[in-house]
Amino acid sequence: MSTMTDPPKADFRLSMLINDTRYRSLTFQVIAAIVIALSIWYLGNNLIQNLRAAGLNISYSFLGDPSGYDINQRLIEYDSQASHGRAAVVGILNTLLVAFLACITATLFGVIAGVLRLSNNWLISKLMAFYVEIFRNIPVLIWILIIFFIITASMPAPRAYLGEDAERGMTLGLFAFTNRGIYVPFPYFTGGFGGIANWLLVIAVLVASYFSTRVVNKNAQLKQEKTGIRPNTLLLNAAIWLVPLIVVLFLLGLSWDLPDPLANRFNLRGGLQIGAPLIALWFALSIYTGAFIAENVRAGIQAISKGQTEAAAALGLRQGRIMNLVILPQALRVIIPPLISQYLNITKNSSLAIAVGYADITATLGGITLNQTGRAIECVLLLMLFYLTASLLISMVMNIYNASVKLKER
Amino acid sequence: MADQTTNPIAFVAEGTIPPSPPPANEVGVVKWMRENLFSGVGNTILTVISLILIYLVLKNTLPWILNGVWNANSLAECREILAGKTGACFAVLTERWPQLIYGFKYPTDAYWRPNLAFVLMLVAIAPVLFFDLPRKLLIITALYPFVAFWLIWGGTILVPLVALIGCVAAGFVFQKLGKNSFAAGFFGAIIAALVVWNLGGALIPEGASENAVLSPVPSRDLGGFMLNMMLGVTCVSLSVPLGIALALGRQSDMPLIKWVCVIFIEFIRGVPLITLLFVASVMLSYFFPPDSTVDLFLRVVIMITMFSAAYIAEVIRGGLAALPRGQYEAADSLGLDYPQAMRLIILPQALKISIPGIVNVAVGLFKDTTLVSVISMFDLVGMIRGPILASTEWQGIYWELFGFAALLFFVVCYGISQYSQWLERRLATDHR
Numbered sequence: 023m024s025t026m027t028d029p030p031k032a033d034f035r036l037s038m039l040i041n042d043t044r045y046r047s048l049t050f051q052v053i054a055a056i057v058i059a060l061s062i063w064y065l066g067n068n069l070i071q072n073l074r075a076a077g078l079n080i081s082y083s084f085l086g087d088p089s090g091y092d093i094n095q096r097l098i099e100y101d102s103q104a105s106h107g108r109a110a111v112v113g114i115l116n117t118l119l120v121a122f123l124a125c126i127t128a129t130l131f132g133v134i135a136g137v138l139r140l141s142n143n144w145l146i147s148k149l150m151a152f153y154v155e156i157f158r159n160i161p162v163l164i165w166i167l168i169i170f171f172i173i174t175a176s177m178p179a180p181r182a183y184l185g186e187d188a189e190r191g192m193t194l195g196l197f198a199f200t201n202r203g204i205y206v207p208f209p210y211f212t213g214g215f216g217g218i219a220n221w222l223l224v225i226a227v228l229v230a231s232y233f234s235t236r237v238v239n240k241n242a243q244l245k246q247e248k249t250g251i252r253p254n255t256l257l258l259n260a261a262i263w264l265v266p267l268i269v270v271l272f273l274l275g276l277s278w279d280l281p282d283p284l285a286n287r288f289n290l291r292g293g294l295q296i297g298a299p300l301i302a303l304w305f306a307l308s309i310y311t312g313a314f315i316a317e318n319v320r321a322g323i324q325a326i327s328k329g330q331t332e333a334a335a336a337l338g339l340r341q342g343r344i345m346n347l348v349i350l351p352q353a354l355r356v357i358i359p360p361l362i363s364q365y366l367n368i369t370k371n372s373s374l375a376i377a378v379g380y381a382d383i384t385a386t387l388g389g390i391t392l393n394q395t396g397r398a399i400e401c402v403l404l405l406m407l408f409y410l411t412a413s414l415l416i417s418m419v420m421n422i423y424n425a426s427v428k429l430k431e432r
Numbered sequence: 069m070a071d072q073t074t075n076p077i078a079f080v081a082e083g084t085i086p087p088s089p090p091p092a093n094e095v096g097v098v099k100w101m102r103e104n105l106f107s108g109v110g111n112t113i114l115t116v117i118s119l120i121l122i123y124l125v126l127k128n129t130l131p132w133i134l135n136g137v138w139n140a141n142s143l144a145e146c147r148e149i150l151a152g153k154t155g156a157c158f159a160v161l162t163e164r165w166p167q168l169i170y171g172f173k174y175p176t177d178a179y180w181r182p183n184l185a186f187v188l189m190l191v192a193i194a195p196v197l198f199f200d201l202p203r204k205l206l207i208i209t210a211l212y213p214f215v216a217f218w219l220i221w222g223g224t225i226l227v228p229l230v231a232l233i234g235c236v237a238a239g240f241v242f243q244k245l246g247k248n249s250f251a252a253g254f255f256g257a258i259i260a261a262l263v264v265w266n267l268g269g270a271l272i273p274e275g276a277s278e279n280a281v282l283s284p285v286p287s288r289d290l291g292g293f294m295l296n297m298m299l300g301v302t303c304v305s306l307s308v309p310l311g312i313a314l315a316l317g318r319q320s321d322m323p324l325i326k327w328v329c330v331i332f333i334e335f336i337r338g339v340p341l342i343t344l345l346f347v348a349s350v351m352l353s354y355f356f357p358p359d360s361t362v363d364l365f366l367r368v369v370i371m372i373t374m375f376s377a378a379y380i381a382e383v384i385r386g387g388l389a390a391l392p393r394g395q396y397e398a399a400d401s402l403g404l405d406y407p408q409a410m411r412l413i414i415l416p417q418a419l420k421i422s423i424p425g426i427v428n429v430a431v432g433l434f435k436d437t438t439l440v441s442v443i444s445m446f447d448l449v450g451m452i453r454g455p456i457l458a459s460t461e462w463q464g465i466y467w468e469l470f471g472f473a474a475l476l477f478f479v480v481c482y483g484i485s486q487y488s489q490w491l492e493r494r495l496a497t498d499h500r
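Order-wise, the sequence lines are chains A and B.
So the first sequence is numbered by the working numbering: it starts at 23 and just counts up by one.
So the second sequence is numbered by the working numbering: it starts at 69 and just counts up by one.
One thing to keep in mind: the hints can contain errors.
[To be verified] No farther apart than 27 angstroms at their CA atoms in a straight line, the calculated lysine-lysine pairs in the DSSO-like style are these:
1) K99/B with K328/A
2) K370/A with K247/B
3) K148/A with K127/B
4) K247/B with K204/B
5) K99/B with K148/A
6) K248/A with K328/A
7) K148/A with K328/A
Hints in this document: simulated from the structure, not taken from any laboratory.
Let the hints inform the model, and build the full structure from the sequences given.
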C-alpha cells in the first residue's frame, strides 16, 4: 500500500519569483507599485519645483475673488462684481441647461429618423440615411460653427426691429429673431409669494395633477378588467391637468414680459433672450447626436425578430399600434444602453460651447477665470471633477432606469 | 365522341391564349413607384413633402454652386464678378489652398515633403488594411514613422536614424530573450532601446539640424488639414497598442494592475476631450522637468492618445468578454503561458470582434482632432476661424470655407466607415 507523500519541499530560490505562478503575480504587482510610486514621485517633484520656480502655490481662494467679467446668458443672478465661484456656478447651470435641452431634442430627432429610416417609403428611408451619414461623418465642432454663423450672418440685427416704423415686424407681435438670438415672451407673476416660490407652487400643482391622472387611469383600468368597458377618461384627465393650473396661474397673477421694440433706441428690451450661442450649440448637438441615436434606434428595432411583428399583425393590430405596443417596448431594452452613452456624449460635447462663446463651465471656469487668475491647475482639476461627477450621476440614473425596464427573469 | 376531333365544337378553345401583358400600373417604374413611394395616404404625403424639401434645397444650392467664382483675390472682387447674381466664392479655397492644407507658417518651398509623406502613408497603410497584399510590404509600414518624421519636421537625419536603431535593437533583444520568458524579453527590449537612444542622443552633434538636407520645421509651424491628419494617424496608431494593454490590464487577476487600469479608463472616459487638451496646453508642462521644453504638438499627442486608448480599451474589453470561456481553458490546457495564450489564441479572435468598434473610435478621434483649434493650434478649423476669416480680404465668407472643411472630413470619415463595413463582411467566418 502506497501512501501519498508531499513532493519534497523545494527550497525557495530567487528565480521562483518570476517562474513560479504562486509568487509571480505578487512580483509583478510589487514591481508595478514601485514603478507607479516612482512616477508619481517624479511628476510631483517636477510639479513642486515648477510651481516654486514660477512663484505659485495651489490654492482655491481665488474662487472668492470678484470675477470682473459679465455673462449674458445666465439662469441665476450674476454681475461682474460676483465671485469667480459664482461664475463657475452660472457655468455649471448653463452646461446642465444645454445638455438637458439637447438630450430631449436629440432623442426626438433620433427616434424619428431611426424609425423613418426603416420606412417602406424608398425616398424617406434614403433621405434619413443621407441625414445620418452626413451628420455622423462631420465633426460636431464644424456643425456648431456652421449653425452659429448661419444665425449671426443671416438674421437681422436687433436694430431692424426697433422704433415706431421698424424694418421688420415681430413674428405674431411676440417673437423677434435677431442675430443675437431669439427674443421670446417670458411669464412672470405679479402676485403670490414672489420669486422662486411661485414657480415651485406651479410645479407642485403639475405633479399633483400627474398623480391624480394616474389614479383616474388606474381606476379606469380596473373597471375595464372587471366589466370589459373602459370609461372615457379623456375629459376628466384634461380637466385635472388644466383647471388647477389655470386657477393657480390666475391667482398668482401671471403676465407676460414681451420684447419691446420701443423701450430703447439701441437694443430690444424685455422678454427672454435665448442667445445665438445657446441656439447654435443646442441645435448642433441635438442634430449631430440625433444621427447617432437614429442608428441605435434602427439597430434596436431590427434586433426584434420579425415574428413579433407578424404575431402582432395576426392579433389584428394596426401598423402604428404594432410599433407602439409590441416593437418599441422590446426594442427599448436594446436601445437604452447606447442611449445612455449618447447622453453622456452630449454632456461632454457641450464643452465645445467655448468655440461660440456660450458661457458654460468650460468657458467660465476653464476659459476666462483661468486666463484672468492664471490658476491653471486648480481650474482644470475643478473642471474635470465637475464632468466626472456629471458623467457618473447620469450613468447611475440611467442604469437605474435600465434596470427597471430590463426583462424580469425569475 | 369521335367526331369531336374532326368537327371541333365552336366553344372549345383550340390553343392556349398567350398571356396578356400586366396592367400598366403593375410593371416597371409605375409599379415601383406605387409600392415604394405612394403606397398609402401617409406615404404619399411624406413623399410629396420630401420632394418639395429636396426641390427647395436644390433650388437654393445649385445656382450657388454652379455660378461659383474660382478666381478672385478678395470677397469684394468676387462680388464684383458675380454682379448681384447668387453664387459661391470658391476663390477663397484656391487662393488660400496652401493655408488650408499646410497651415500658414509651413515653408512654401517644402510643401513637397508633407505631400510625399502623405503618398508614402497610403503605401504604408495599405498592407495593414488589406491582408491580401504581400506581407513583405509591412517593412515599409515599419520604416514609415521614421521617414515621415524626417520628411515633415526635417532637420538632421540622425534623429530618426537613432530612433530606428533603438527600435531595431529592442526587437533584436526581444527575439533573443523573449524565447524563454516574455517578461524578460519585454523588459530587456525596453532597456536596450533606452540605452541606444541615450547613447545616440549624446552622439548627435549640437546644431546638426542647422545645415541638414531638409530644413528643420518647428512643430508650431504645422497646421491646416495636415495637422488633423498627423494627429489622427499618430494617435490612432499609438492608442491601439496602449488600448490593448489597458484592456488586458482591466481583465487581469492582479488587483493592483486591475484597479489602476479601471481608474484610468473611467477617469478618461468621464471627462471631455477639451479638458484633456487644456491639460496639454496649460497644465502638462508643470509635470515635466523644469528646464525641459516639450512642445505643444507632443503634449497634445500624449493627451489624445490617452483619450482614445481608454475608449479602445473598452471596445477590446467587449471583444475579450465575447470570447467563450472555453478558449481560455483550451489555451491553458495546451500548456501555453499567459503571453503565448494571449498572442496566439485570445487576442486574434478578440481583436477580430472589436475591429468595427475600433474603427468607430478611430473615426471619432479623427473628427475630434478639430478640437485642437480651441487651444489655439491652427488645424483646418483653426485656420478658417483664425487667419482666414480675420483677414480683410475674406471676412464674412462662411459657407464656402466650412463647406470645404465639412466635405474633407466627410470624405475621409465616410471612407473609413465603408472600409470597416467591407472588413466586417470579409472577416465574417460564420456561415449564415
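Hints versus structure:
| no. | hint | in the structure |
| --- | --- | --- |
| 1 | K99/B with K328/A | holds, 25 angstroms |
| 2 | K370/A with K247/B | violated, 46 angstroms |
| 3 | K148/A with K127/B | holds, 20 angstroms |
| 4 | K247/B with K204/B | holds, 23 angstroms |
| 5 | K99/B with K148/A | holds, 19 angstroms |
| 6 | K248/A with K328/A | violated, 34 angstroms |
| 7 | K148/A with K328/A | holds, 22 angstroms |
Violated hints for the displayed structure, listed by number in ascending order: 2 and 6.
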